[in-house]
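J.: Chains as they are written, first to last, in numbering that gives the first Met the number 0: chain A, 0 to 141; chain W, 0 to 451.
Note that these hints are calculated values from the structure, not bench results.
One or more hints might be untrue.
[As the list claims (entries may be wrong)] From chain W, some residues computed to sit far from chain A (all C-beta separations above 12 Å):
hint : residue
1    : D90
2    : Y103
3    : K237
[As the list claims (entries may be wrong)] Examples of chain W residues toward chain A, derived with CB under 10 Å:
hint : residue
4    : R27
5    : E49
6    : E269
7    : A422
In this text, a Cβ means the ideal position worked out from N, Cα and C, and glycines have one as well.
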Amino acid sequence: MVQEFEDHGELTVEVRADRILEAARALKNGPSQFTLLSGVTCADFPDEPGRFRLAYHLRSVQTGGRVRLRAWAGGLDPQIDSVTSVWPGADWQEREVFDQFGVRFHGHPDLCRILNPLDWDGHPLRRDYPIGGEEVQFTDAV
Amino acid sequence: MSTTDPLSAFPLAMEGREAVEGATREGRPLTPTERAIAAVEAYTPAEAAERTLRNEMLADSRPGSRQPLIINMGPNHPSTHGVLRVIVELDGEVVREVVPVVGYLHTGIEKQCENKTWWQAITCVTRMDYLAPFANIHSYVLAVEKLLDMQIPARAEWIRVLLSELNRLASHLVFLGTSGLEMGAMSIFFYCYRERDEVLDMFEMVSGERMNHRYFQVGGCAQDIPEGFLERLTKFLKEMPGRIDEYEALLTNNPIWIDRMKGIGIIPAEQLLGLGVTGPTLRAAGIGLDLRKSEPYSGYEHFQFDVPTEIAGDCYARYLVRVREMRESVKIMQQAIDGLPEGPFISDDRKVVLPPREELAYSMEALIHHFKLVTEGFKVPAGEAYATIESPRGEMGCYVVSDGGPKPYRVHMRDPSFVNLQALRPLAKGGYLADLIAVIASLDPVMGGVDR
Numbered sequence: 000m001v002q003e004f005e006d007h008g009e010l011t012v013e014v015r016a017d018r019i020l021e022a023a024r025a026l027k028n029g030p031s032q033f034t035l036l037s038g039v040t041c042a043d044f045p046d047e048p049g050r051f052r053l054a055y056h057l058r059s060v061q062t063g064g065r066v067r068l069r070a071w072a073g074g075l076d077p078q079i080d081s082v083t084s085v086w087p088g089a090d091w092q093e094r095e096v097f098d099q100f101g102v103r104f105h106g107h108p109d110l111c112r113i114l115n116p117l118d119w120d121g122h123p124l125r126r127d128y129p130i131g132g133e134e135v136q137f138t139d140a141v
Numbered sequence: 000m001s002t003t004d005p006l007s008a009f010p011l012a013m014e015g016r017e018a019v020e021g022a023t024r025e026g027r028p029l030t031p032t033e034r035a036i037a038a039v040e041a042y043t044p045a046e047a048a049e050r051t052l053r054n055e056m057l058a059d060s061r062p063g064s065r066q067p068l069i070i071n072m073g074p075n076h077p078s079t080h081g082v083l084r085v086i087v088e089l090d091g092e093v094v095r096e097v098v099p100v101v102g103y104l105h106t107g108i109e110k111q112c113e114n115k116t117w118w119q120a121i122t123c124v125t126r127m128d129y130l131a132p133f134a135n136i137h138s139y140v141l142a143v144e145k146l147l148d149m150q151i152p153a154r155a156e157w158i159r160v161l162l163s164e165l166n167r168l169a170s171h172l173v174f175l176g177t178s179g180l181e182m183g184a185m186s187i188f189f190y191c192y193r194e195r196d197e198v199l200d201m202f203e204m205v206s207g208e209r210m211n212h213r214y215f216q217v218g219g220c221a222q223d224i225p226e227g228f229l230e231r232l233t234k235f236l237k238e239m240p241g242r243i244d245e246y247e248a249l250l251t252n253n254p255i256w257i258d259r260m261k262g263i264g265i266i267p268a269e270q271l272l273g274l275g276v277t278g279p280t281l282r283a284a285g286i287g288l289d290l291r292k293s294e295p296y297s298g299y300e301h302f303q304f305d306v307p308t309e310i311a312g313d314c315y316a317r318y319l320v321r322v323r324e325m326r327e328s329v330k331i332m333q334q335a336i337d338g339l340p341e342g343p344f345i346s347d348d349r350k351v352v353l354p355p356r357e358e359l360a361y362s363m364e365a366l367i368h369h370f371k372l373v374t375e376g377f378k379v380p381a382g383e384a385y386a387t388i389e390s391p392r393g394e395m396g397c398y399v400v401s402d403g404g405p406k407p408y409r410v411h412m413r414d415p416s417f418v419n420l421q422a423l424r425p426l427a428k429g430g431y432l433a434d435l436i437a438v439i440a441s442l443d444p445v446m447g448g449v450d451r
């Protein structure tokens, strides 16, 4: 664990990327039983050494508690272990992060693009991906 | 056809070709989803028919001895609720494998939000789940308000509850109408859309638009509810329980409806939970998880209502849960009308909220605030927040990250349709092809929310 803090009433636990699976298992099987994975998402910070900050939002059905698990995937070759073995529901959400940010998830059963076309070039939600880079269809027809 | 070039098997502009091209570029083998897409597109319909015929002649009649038939449903298929594509592997009429393919409605809304100011982004998020626009905005404004540490006037919160519940009613009406249509019950569709139209008219009265409202603002609501709205809503709510009885009379004991829905699409509740499924689908399997009760927001703790649950976990139970939720929504709205507090409909924090229009005529300060807010937008302290609400389909979450500027650094919407749709595969496997339609209908996915 790197750090733990509470902000706006939300508990955040940050772990090293190589310990994510261990942390996920501990949170799911620990005393608070975070059995429901609300979401997996990511934010891109190009100036940070870790660059891609993943956020896993967990919810405990038993206690009603919530926690945010965070990890930095690394800038040059972003990768992290997949948590699909802990929460099968991570499947599509990790595919979405892969699609939009290019973070590779080890051990993911089906890691391909999900929202963008399958042969899409680049990862649109990265901060250095330009908006309006795609040519608007039929603009010359007017 | 040359054997050295795998791409020559695909016609141009087909997704199988895109999958092979993408995988080759990344230097990896095709994943299961990509393989399924490539397999279903590798043959023209004529070739596929010929192969199937040949296989049929070769096989004996025992089940399981046939070559599987792979068919492609969608993306344009009336029973798939929009542009959902499902690749189905069939043994006779039994579904052996289901591969849902999504993304046809992807419009990059999350990217768009990053290039708008905080208040402009509301316009984007409302267009995601187009059957529950109020739910989208609600989670977004709650997340932003959390970052701003804002206090919301009581009246604004009650109006939010009122419209969220009206929206839930409208959304469930669409579920009921379209699933009826898919199961061959035509009349229910017209009854449901009659009432939904009335709801949309009321939305128009409040927000000026029938869909994609921009009514909830950071700090409250855009304006007070108009005169005559509460009377119209009261009249509607008085009629509604009788109308719901009408729907139930058409369906609940209808033998065809029961045959198509009962015992269809069941997996254990623990598996649903593992898949992240929330909302009516989870509640129909016996887990009474409702964010309005477990983590009340916008003053839901002041309302008396039940969370309907069923234990069967089949399509019929999901139908029953949604119908009973409609009745609960009516109850909540009646309480909201009775107890609607007086007072401002929006916070008076001038650094975030636009000043009232009439003040611009005489107050220089108001004019400056107005100008700054409209041109530059308000700044949100750096940090991150995750706000969740109970949308008609489950947990609608909004994760916002701010770098302290006037534009969101990142907006992520955790849409329940997207996560719930993952359950389609285990739910439909092993059933009949016709049951697949019932399962899709009972999950009630909205593709605008899935693809965002």
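J.: Each hint: holds or not?
T.: So, going through the hints one by one against the coordinates:
no., hint, result
1, D90, "holds, 22 Å"
2, Y103, "violated, 9 Å"
3, K237, "holds, 36 Å"
4, R27, "holds, 8 Å"
5, E49, "violated, 27 Å"
6, E269, "holds, 8 Å"
7, A422, "holds, 9 Å"
The earlier numbered hints that this structure contradicts are 2, 5.
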